[in-house]
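Whole structure, please, built from the sequences with the hints as guidance.
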Amino acid sequence: MISAKQYQGLWSKCYTPSMSDKPTPTSMNGAICYLEIPATDPEGSAQFYHGVFGWSLRRHDDGAIAFDDNVATSRRVSGMWVTGRSPLREAGIVISIMVDDAEKTVESIIQHGGEIVRPLGFNPHERIAWFRDPGGNILGIYQEP
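In my numbering, the protein residues as written are 350 to 494.
To be clear, the hints were calculated from the coordinates, so they are not data collected in a lab. Hints should not be assumed to be uniformly reliable.
List time: in silico EDC-like cross-link candidates among lysine to aspartate or glutamate, alpha-carbon distance up to 20 Å [stated by the list, open to error]: (1) K453 to E439; (2) K453 to D418; (3) K453 to E493; (4) K453 to E464.
Just so we're clear, the structure is a prediction, and the values are computed from it rather than from any experiment.
What follows is the structure in structure tokens.
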């Protein structure tokens, strides 16, 4: 485990301060940018992520449904739902989605057909919860402190 001082040193090597005091990435190299999410029903999964997280949906020429996460910066995540792959049914690597209000997002996940598999508060140091989407994948939500 690294100390807070070591972490700050690593952070400053990856980011440079901007006029607004918010960190600005110096390069897109290494950024997560594209996801292929397993789904048994891509249409249903697309509606779930659109309804809960507000992701924009679009169709490829072949009919496949793709998404963009709608983050208003040059760093966006996009991707698509894919069939014929096993969902992430067990937590190994957990991909978390940033949210403004974790409690409201948990309610929205349930309302849109998802399931909470680890509730808010299981990690005393972070505002995170894990959920299962309609395709059976386990992902997380994260709210900045």
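Consistency of the hints with the structure:
1. K453 to E439: violated (24 Å)
2. K453 to D418: holds (18 Å)
3. K453 to E493: Holds, at about 14 Å.
4. K453 to E464: holds (14 Å)
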